[in-house]
Amino acid sequence: MSDSTIPLPSTQAHVGRRGLLKGLAGMAGLAALDPVLSACSSSGSPGGGGSANSITFGSNYSDPAPKQAFAALVAAATKKTGVKISVNTVDHNTFQNNISSYLQGTPNDLFTWFAGYRMQFFAAQGLATPIDDVWEKIGGNFNTAAKALSKGLDGKYYFIPIYNYPWVVFYNKSTFKQKGYTIPATWDDFIALAKQMKKDGLIPLAFADKDGWPALGTFDIINLRLNGYDYHIKLMKHQIPWTDKGVTAVFNQWLELMPYLQSGANGRIWEDAAKTLEKKQAGMMFQGTNQVAAQYVSDKASLDDLDFFPYPAINPAFGQDYMDAPTDGFMLAAKAKNPDAAKRVLEYIGGAPAEAAYLKFDEWDVGLAEGLSVPSYNSIQTKSVQAISACKSVSQFMDRDTDPAMATAMISLIQKFVDNPTTSTISTIQKSAEAQAKTIFTS
Amino acid sequence: MTSVARASGRTAVASPRACRARPRHAGRVAAQVIMITACVLWLIPILFALYVALRPYAETSKYGYVSLPHRLTLSNFVNAWTESDMGRFFLNSVWITVPAVIVTLFLASAVAFVVTRVRLRINIALLIVFTAGNLLPQQVIITPLYRLYLLIPVPHALSGSGLLYNSIFGLIVINVSFQIGFCVFVLSNFMKTLPRDVDEAALVDGASLWTRYWRLTLPLCRPAMAALATLLTTWIYNDFFWAITLISTGNERPITSALANLQGEFVSNQNLIAAAAMMAAVPTLVVFFLLQKQFVAGLTLGATKG
Amino acid sequence: MAAIGGRLAGRTGAMPTADKLVVIGLLGLPLLLDLLFIWAPALSSVVLSFTRWNGIGGLHTRACSPPPAPSILQNGCWYGVQNYHQAATIYPPFWPAVAHNIIWLLVFLFIATPLGMLFAVLIDTGIRGSRIYQSVLFLPVMLSLALIGIVWEFVYSQNFGLINTVIGHTGNGNAIDWLGNPRLDLWAVLAEGSWRQAGYVMVLYLAGLKAVDPTLREAALIDGASGWRTFWRVIFPVMRPINIVILVVTVIESLRAFDLVYITNGGNNGLELLSALVTQNIVGEVQRIGFGSSLGVVLLVVALVPISAFLYQMLRREERT
Chain A
1 MSDSTIPLPS
11 TQAHVGRRGL
21 LKGLAGMAGL
31 AALDPVLSAC
41 SSSGSPGGGG
51 SANSITFGSN
61 YSDPAPKQAF
71 AALVAAATKK
81 TGVKISVNTV
91 DHNTFQNNIS
101 SYLQGTPNDL
111 FTWFAGYRMQ
121 FFAAQGLATP
131 IDDVWEKIGG
141 NFNTAAKALS
151 KGLDGKYYFI
161 PIYNYPWVVF
171 YNKSTFKQKG
181 YTIPATWDDF
191 IALAKQMKKD
201 GLIPLAFADK
211 DGWPALGTFD
221 IINLRLNGYD
231 YHIKLMKHQI
241 PWTDKGVTAV
251 FNQWLELMPY
261 LQSGANGRIW
271 EDAAKTLEKK
281 QAGMMFQGTN
291 QVAAQYVSDK
301 ASLDDLDFFP
311 YPAINPAFGQ
321 DYMDAPTDGF
331 MLAAKAKNPD
341 AAKRVLEYIG
351 GAPAEAAYLK
361 FDEWDVGLAE
371 GLSVPSYNSI
381 QTKSVQAISA
391 CKSVSQFMDR
401 DTDPAMATAM
411 ISLIQKFVDN
421 PTTSTISTIQ
431 KSAEAQAKTI
441 FTS
Chain B
1 MTSVARASGR
11 TAVASPRACR
21 ARPRHAGRVA
31 AQVIMITACV
41 LWLIPILFAL
51 YVALRPYAET
61 SKYGYVSLPH
71 RLTLSNFVNA
81 WTESDMGRFF
91 LNSVWITVPA
101 VIVTLFLASA
111 VAFVVTRVRL
121 RINIALLIVF
131 TAGNLLPQQV
141 IITPLYRLYL
151 LIPVPHALSG
161 SGLLYNSIFG
171 LIVINVSFQI
181 GFCVFVLSNF
191 MKTLPRDVDE
201 AALVDGASLW
211 TRYWRLTLPL
221 CRPAMAALAT
231 LLTTWIYNDF
241 FWAITLISTG
251 NERPITSALA
261 NLQGEFVSNQ
271 NLIAAAAMMA
281 AVPTLVVFFL
291 LQKQFVAGLT
301 LGATKG
Chain C
1 MAAIGGRLAG
11 RTGAMPTADK
21 LVVIGLLGLP
31 LLLDLLFIWA
41 PALSSVVLSF
51 TRWNGIGGLH
61 TRACSPPPAP
71 SILQNGCWYG
81 VQNYHQAATI
91 YPPFWPAVAH
101 NIIWLLVFLF
111 IATPLGMLFA
121 VLIDTGIRGS
131 RIYQSVLFLP
141 VMLSLALIGI
151 VWEFVYSQNF
161 GLINTVIGHT
171 GNGNAIDWLG
181 NPRLDLWAVL
191 AEGSWRQAGY
201 VMVLYLAGLK
211 AVDPTLREAA
221 LIDGASGWRT
231 FWRVIFPVMR
241 PINIVILVVT
251 VIESLRAFDL
261 VYITNGGNNG
271 LELLSALVTQ
281 NIVGEVQRIG
291 FGSSLGVVLL
301 VVALVPISAF
311 LYQMLRREER
321 T
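Chains as they are written, first to last, in the working numbering: chain A, 1 to 443; chain B, 1 to 306; chain C, 1 to 321.
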């Protein structure tokens with residue numbers, strides 16, 4: 001923070017070191033030259049149109065493993081299409097926070113993003129280029145669900161998926177074997193299992209919500225289980241008010257689970273919750289494979305011991321038909337400097353070979369292309385493919401399915417719920433969510 | 001009596017005082033106890049972070065942070081440096097801080113000179129404009145500033161993005177604009193204490209305004225400028241807000257705001273973050289140990305008597 | 001002397017052109033920077049606070065359509081005082097943020113600043129080791145607030161931190177969640193802020209104390225006053241201008257509190273502050289420019305109070321010299 005202070009009315013203090021100013025002046029001479037070099041070289045995109053066969057690719061794959069996988073994808077793309085790709089990696093959160101000014105300012109030709117309303121929002125603002133022509137060539141590689149994911153509000157294509165991953169309940173096989181637990185298929189079994197785990201001295205469900213978004217997953221899945229996919233999507237688009245009885249039912253259901261969730265969640269990052277599962281201090285954890293399995297890999301914990309099951313059914317009408325399976329992919333910026341070369345790259349990416357190239361270094365996500373076979377899939381990934389295809393429909397996760405401002409509002413409201421899970425909190429939350437939704441979705 | 005009183009006011013040893021009533025000695029002991037306790041408490045957070053930085057990850061993840069060390073290592077520092085490319089961030093900080101400090105001092109001394117030596121009707125208004133501008137919280141101006149930065153084009157020689165936004169040049173500009181007010185205030189107060197007769201003699205001799213400023217007044221301001229330079233370097237180096245709002249490319253960030261990113265990057269290994277934070281603190285600590293007097297002088301420079 | 005003064009007065013009225021140009025040059029650039037990058041945005045914030053804008057596309061003067069028009073079309077339009085109304089009525093973090101800013105100010109005023117003054121007074125008595133004490137207590141002032149936030153996370157960490165480990169509360173059942181419990185985290189962060197503020201005030205106050213006329217102290221000592229009474233009855237009243245400055249500094253620093261909460265958790269869950277709310281609405285995927293500006297204007301109005309107080313002080317001093 002840049003401070004300021006108000007000098008005191010005092011006698012002037014004696015100060016030596018006159019050389020300081022001279023020294024600074026000397027450095028300034030050098031410093032005046034260098035911003036030229038560093039600014040031009042580090043931004044990656046030269047001014048006024050690069051060469052016709054090179055593009056820049058903005059990436060938020062900043063963690064070491066995704067970064068490596070992405071590099072492999074880029075290398076494969078360059079090999080196949082001959083287009084030189086220079087990657088601009090930005091820290092995960094920074095990239096997302098700055099997306100609006102990034103896209104309006106000087107974006108790279110291609111950039112990483114997420115499917116869902118989060119993508120449609122920016123496309124609708126005119127910040128992305130439609131890629132219908134690319135999809136004409138690659139449409140055959142994807143099923144209807146994937147196609148629907150990639151379209152904007154106006155029905156045009158804006159997005160190319162690269163992978164997705166399911167949100168499921170993780171556990172350690174050894175713990176379950178040792179304590180003789182069985183996989184719960186219904187909510188009552190689930191609660192009974194949690195009760196048993198607590199008696200056995202384990203934390204039933206590792207849980208963290210310092211970043212705010214992990215808990216949204218629990219809301220999503222309970223809503224999908226209790227009220228079904230259509231209800232959930234309508235709620236996300238605010239076609240159903242947040243004060244609806246269905247939403248109250250979701251929170252009440254969650255209340256039953258609260259005693260078994262790890263306490264102090266609002267002060268814990270999900271990485272630490274995953275560590276509790278690794279250390280076998282917790283019995284289960286509900287989060288995406290992209291997070292938990294990745295954490296196991298980076299902590300060099302035993303990935304073979306890790307397994308998962310889909311969230312138990314609550315309402316027999318819907319069973320286990322739905323889940324959150326967020327999809328990540330790429331888009332073409334409206335201000336891209338070299339759209340033609342970029343489209344050639346996208347054509348390559350929208351296919352099984354590209355996904356296989358990426359997934360070679362990725363031990364937790366799964367691809368979406370038809371006929372994709374990745375020999376390096378481990379058991380988690382193979383099971384993920386089955387789990388996702390077993391679903392009738394998948395949603396993208398609350399912060400991708402609803403207006404970003406609404407997701408932000410829900411993050412803090414749900415943090416309040418996690419901090420103080422009572423029925424009065426629930427009604428306050430619902431009223432506040434609805435009041436805010438009214439101003440976010442309409443004027 | 002005078003010398004004794006002055007001595008006892010300045011040093012700790014004063015035999016006449018010791019002869020006085022007991023309560024005074026107890027008062028001294030109490031003062032020492034308070035200060036020593038405070039100092040110990042004050043140092044704990046930094047020392048603890050340093051301790052974490054010196055321990056290997058394998059050890060702390062097994063035994064926790066609060067445990068006796070089996071071995072100490074510098075590998076966290078090395079890893080944090082190489083994995084996160086910290087050298088680049090430090091360089092960014094240098095490219096921002098050094099020009100900003102110099103330009104600020106130059107411009108502020110110019111304004112201070114005009115305001116104190118040239119009788120203009122708008123002098124007081126100028127002072128108000130500059131000083132108040134510096135007292136505003138940064139968040140008050142960020143929204144339109146950010147939009148402004150997206151609009152103003154800058155030659156590519158100065159900015160990779162072609163705009164003020166997301167460029168080191170842009171950060172220099174805002175830091176200069178933001179710090180000018182304070183420096184104008186301090187320097188104008190300082191210049192008021194400079195004797196006028198030299199300046200007036202030069203005026204009578206026909207010296208131009210520029211000569212009076214550059215050759216005459218500025219060299220006399222060296223103490224104040226040195227103090228301000230120290231302050232400005234520390235403040236601009238420590239700046240966090242401008243960098244996180246006006247720079248979007250990770251690589252262009254100065255070190256202080258890059259730390260926030262590193263928190264995300266090294267989230268699995270907190271020892272690396274501790275090491276990175278310690279390294280980021282080094283320049284300010286250097287200033288602290290070498291130039292503390294100047295820094296404090298800068299803070300207290302007001303130079304108006306009474 | 002009077003003759004020279006008269007000539008000077010005459011000369012400044014008739015400055016040579018070269019000098020006039022130099023004046024314009026010396027004043028021009030700084031003034032331009034200040035007006036363009038500080039004042040113009042400050043005033044534009046006020047204007048923007050009456051619009052509804054997500055930052056994409058241009059602004060126009062049409063009024064926003066009343067509901068139920070879809071929000072994607074309601075962009076860059078004139079919104080009246082709706083932003084303020086929403087902030088005050090339905091935006092959950094607003095009133096907590098105001099409350100937290102007030103708490104921040106009170107803690108600084110009644111704990112951090114007096115602590116700094118205490119340190120200054122004790123050091124000024126010249127006890128042995130003063131230089132070390134001064135250096136140690138001043139060290140946090142040199143560190144960036146973001147760095148302070150990171151360093152203190154090791155102290156406050158729920159399961160591994162210094163405090164919890166020392167008091168034995170690291171288990172998953174009894175861990176004290178210093179930074180995650182909305183009832184505790186503000187105080188935890190305030191401890192960090194005070195850690196820094198005390199040293200800052202200490203240094204300012206010390207300088208003021210050193211500037212106090214030593215004869216005052218001697219006179220009090222001759223009269224047999226004890227150290228404490230000397231301070232309160234004799235020295236403190238004389239330092240009135242400095243006390244006022246420190247008061248203003250404290251208020252302004254507390255309004256500027258931002259870095260600490262932002263680096264800890266982004267300004268959520270008990271750490272809401274007006275400055276963090278402004279940033280959340282502007283920096284982020286979600287950009288609510290108009291809304292964020294209205295929060296900024298609230299901050300501006302509040303900040304104008306101490307700023308005006310300071311300017312008034314400064315003007316009075318100007319007039320006296």
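The hints are simulated quantities; they were obtained by calculation from the structure and are not laboratory data. Beta carbons are placed, not taken as given, at the ideal position from N, Cα and C, and that holds for glycine. One or more hints might be untrue.
[Claimed, not checked] Looking from chain C toward chain B, a few residues come up when the C-beta cut is under 7 Å (computed):
hint : residue
1    : 22
2    : 28
3    : 30
4    : 144
5    : 146
6    : 155
7    : 160
8    : 165
9    : 283
Quiz prompt | Interface hint for residue 155 of chain C, Cβ within 7 Å of any Cβ on chain B | solution = holds, 5 Å
Quiz item: Can we keep the residue 165 of chain C interface hint, with Cβ of chain B closer than 7 Å?
Solution: Status holds, d = 4 Å.
Exercise. Answer holds if the nearest beta-carbon of chain B is closer than 7 Å to that of residue 146 of chain C; otherwise answer violated.
Key: holds, 5 Å
Quiz item: Does residue 283 of chain C meet its interface restraint, that is, does its C-beta lie within less than 7 Å of any C-beta in chain B?
Solution: Constraint on residue 283 of chain C satisfied, holds at 5 Å.
Quiz prompt | Hint check: 7 Å Cβ-Cβ cutoff, residue 22 of chain C to chain B | solution = holds, 5 Å
Quiz item: Going by Cβ atoms only, is residue 160 of chain C closer than 7 Å to chain B?
Solution: holds, 5 Å
Self-check item: residue 144 of chain C as chain B interface residue, shortest Cβ-Cβ below 7 Å
Solution: OK, holds: residue 144 of chain C within 7 Å of chain B, min 4 Å.
Exercise. Hold the hint about residue 30 of chain C up to the distance rule: shortest CB distance to chain B must be less than 7 Å.
Key: Residue 30 of chain C check passes; min Cβ-Cβ to chain B is 4 Å, inside 7 Å.
Practice problem: Return the status of the interface hint for residue 28 of chain C: holds when the least beta-carbon distance to chain B is below 7 Å, violated otherwise. | Solution: violated, 10 Å
The structure is inconsistent with hint 2 alone, although it conforms to all the rest.
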